[in-house]
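2 protein chains.
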Amino acid sequence: MQENEKRTELNDLGEFGLISHLTDKIKPNNSSTKKGIGDDAAILNYGDRDIVVTTDMLVEGIHFDMIFTPLKHLGYKSIVVNLSDIYAMNAQPRQVTVSIAISSKYSVEAIKEIYEGMELACNYYGVDLVGGDTTSSLSGLVISVTAIGEIEENKAVYRSGAKDGDLIVVSGDLGGAYIGLMLLQREKEVWKTSPTIQPDLDGNDYILSRQLKPEARKDIIELLIKMELTPSSMIDVSDGIASEVKHLCKASGTGCNLYEEKLPIDPQTYQTARDFNLDPTVCALNGGEDYELLFTVPQADYDKIKGNPHLTVIGHMTNIESGTNFISTGGSVMPLTAQGWDSFGKTNEES
Amino acid sequence: MQENEKRTELNDLGEFGLISHLTDKIKPNNSSTKKGIGDDAAILNYGDRDIVVTTDMLVEGIHFDMIFTPLKHLGYKSIVVNLSDIYAMNAQPRQVTVSIAISSKYSVEAIKEIYEGMELACNYYGVDLVGGDTTSSLSGLVISVTAIGEIEENKAVYRSGAKDGDLIVVSGDLGGAYIGLMLLQREKEVWKTSPTIQPDLDGNDYILSRQLKPEARKDIIELLIKMELTPSSMIDVSDGIASEVKHLCKASGTGCNLYEEKLPIDPQTYQTARDFNLDPTVCALNGGEDYELLFTVPQADYDKIKGNPHLTVIGHMTNIESGTNFISTGGSVMPLTAQGWDSFGKTNEES
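For the record, the sequence lines run as chains A and B.
First residue of the first sequence: 1, per our numbering; consecutive thereafter.
First residue of the second sequence: 352, per our numbering; consecutive thereafter.
Next comes chain A alone, as it looks inside the complex (with noise of 0.2 Å):
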C-alpha cells in the first residue's frame, strides 16, 4: 500500500491535526446545514427547529481498559459522552443511535450489560434510543454513538461568541476523572503482579465515579435558563480545561488570563494528586474527562453567578494580542500550554 509514497505517521499531527488535515476543505453546501465541522456538534436547520448533532467513538484499549471498566458503566459513559457535546451547544438531546462492533470474547449476556447501561442513561436523562448497527469485529470492543438534540432557531451557543473581557466559567470541578483513573490504573498494576491482593479503592468513591461514571451537565443547562444567562461562548470540558480554554480562544479571536488560584478542585481529587506525587494543578489543567462545560459571560453578569456552588469564575478573555496566558498563585505569567489527551499519543498543543 502506497510503498513509493510519501507517508506521514499519524502521531506526526496528533487528533487534533489529523482532523483539520483531513477536513479543512470540507465546506456544507445544504442549505440545512448551518454549522459542519469545528464545534463540539454540528447544526442542521429543518422547519424552524435547530438540530443538533454529535458523534463520538469508544475504542477498546484506547478509551477503556475492560480490567477495570465494568461494562454497565461503559455503556453509560458512552451515551453521557455524546449528550455532553449536545449541553454544550445550549441543546437538549432527545435521540441516540448506537453502534457496536464485537469481538467472539464477548457473551450475549455481557453486551447486554453494556446496553442496560445505555438504557440507564437514555432513561436518566430523556433520551430515545433510536437505531443502531451491531457487527463482530476481530478484536476488542468498539463503540459508536451518534446524538441528536434540538434548539430553538439561531439560539445555539458556540465555541466562537466570546469577546475581549467576558468572564471564563467552568462547572463543577477538574481533574477529578484523570486522578481516578491513576488510580485504577495503580490498582491495575498491583493486581498484575499480585492477582489475589483486593483493590485498595476506599474513601475514593468521588474521583472513581469521575472516572467511570461521568454525568452530563444537564442540571447547569437547566439553571441557566432559570438564571436567564446565555453564554457568549460554550464547550465542554473533555480533552482538559486548558485545551478547553485554547478552543474558545481560536474559535472567537481572543486572549486570554487564566488563574491558578480560582481552578475549582475537589479535596479528593488534590490528596489523590499529592499521594502520586503529581501537581493538582497539572491534573486540573490537562487531566481530560471531566465533562464540565466551560463557557465565558460578558463581564455584567457577574451578579448572576456570584456566590453560585456549581459555577466558578477561572479568568477572563483579553484581546488577541495578549495571548492565552497562565497565571501562577505566584503571581507569575506563563503561556497557557495545552496538553489535553490525545488519542494518537501526540501532545495537543496548538498554533
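These aren't lab readings, by the way, just hints derived from the structure by calculation.
None of the values given here were measured: they were computed from a predicted structure.
Among the hints, erroneous ones may be present.
As the list claims (entries may be wrong) - To be clear about the criterion: a stretch of chain A counts as covered by chain B if any three or more of its residues have a C-beta under 8 Å from a C-beta of chain B, and this derived list gives those stretches: (1) 44-52; (2) 59-69; (3) 100-110; (4) 131-138; (5) 143-151; (6) 325-337.
Note that the Cβ used here is the ideal one computed from N, Cα and C, for glycine as well.
Use these hints to put chain B onto chain A, whose structure you have.
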C-alpha cells in the same frame, strides 16, 4: 468477567437475533421520535419536517479486506451504504457524520484517501459531511457513518405498509456484488501463493464495481417521484433479496410468492457464477451488498412500472397464512429461506 454466570455466544443468536435481544424492550418516549428501531432508518419530527437517521459500521477484516479494497473506494462505499438506507425510507439524504478508528499501520496519506472517497460520494449525492470523530485503534480500521435525511411530514415509506396482493419490485439486478467478492477472494488466494502473478480481473468490471464501488439508488427515488408512484413498503437490499423480502413480509404481516424466473441477473453475474460452479439464483437470493431498492406497490400501479428497464416485478405479497414462498422456474413451490450475510457467522434465518 462473569465467569460463573450464563454465557451465550454471539453466534448463537446471529446479528438480527442479537439486535432484537438487545433492543426489544426499548420504547421511544420523546414526542420528536416518530419511529425508533426496526426499519432502515429512524424517523424524527422537528417542526414541520420529518428527519431520517441511520447508522452503519464497517470493520476491517469483517466488512472489507484491505488486500483488495482500494482506500478511496472504501471511503466512497462507507457513505453510500448509509445513503442507501435513507433512500429506502423514500427520503433525501442531507448530512453525514463520520467516526473513524485507525491503527498506526495506516499513514496520514492512507486516511486522506479514505476521506477523498467520502468527499466524492458526498459531492455526488449532494450530502454535507458535518462532523465526526477520529481516534486511534489497537488493530485495524473501523468506520462508523451516520446519515441524516429529510422528507415531507408523514411521507416516509416504512417496511410495514405492504398489503396482500401488492407487487414486489426490485431495481437494477441482483447477486453482482457477491460474485464480485468471490472473484476478488479467488485472486487473493492466487496472490498469496504466487505474489508475482497479475490478478486476472479483465472483463469483470461490472461485478467488481458492484462490490467495490456500489451506488445508492438516488435515481430510483427520483424516478418514483416522476412516475407519481409511492411504494406501500420499501427496504434496501444489503443482505440479499430473500432476507429483505422476508423483512417486508414480517413487518407488514403478509406472506409472499417470489418467482425464480423473474429475478434480474446481469449476464456477467450469471456467467461468473457458473464459472465458480455457483447457482446464479442462489447468488441473487442470498448474495448481499447489492444496494438496490426493494419495494411493493398496489397492483393498480402495474401500468406505471411495466416495461421500465430499471424495475422488475419479482413476485407479489399474499396473506400471512400462505407463508413466504419461492417458486422455481420448474414450478416447484418451496419455503423462501434467507441465508443472507451475517457478520456473526450465523445464517439470517428468522422465525
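Outcome of the hint check:
1. For the segment 44-52 of chain A, the stated coverage by chain B is satisfied: 6 residues place a CB nearer than 8 Å to a CB of that chain, which reaches the threshold of 3.
2. Evaluation of the coverage hint for the segment 59-69 of chain A: fulfilled, as 6 residues show C-beta separations to chain B shorter than 8 Å, against a requirement of three.
3. Note: the segment 100-110 of chain A has 9 residues with beta-carbon separation from chain B under 8 Å; the three-residue rule is met and the coverage holds.
4. With 8 residues having a beta carbon nearer than 8 Å to a beta carbon of chain B, the segment 131-138 of chain A meets the requirement of three or more and the stated coverage holds.
5. Judged by the Cβ-Cβ criterion of 8 Å, the segment 143-151 of chain A is covered by chain B as claimed, because 4 of its residues qualify and three suffice.
6. Given a C-beta distance limit of less than 8 Å, the hint that chain B covers the segment 325-337 of chain A is violated, as 0 residues qualify and 3 are needed.
Checked against the numbered hints given earlier, the structure breaks only hint 6 and satisfies all the rest.
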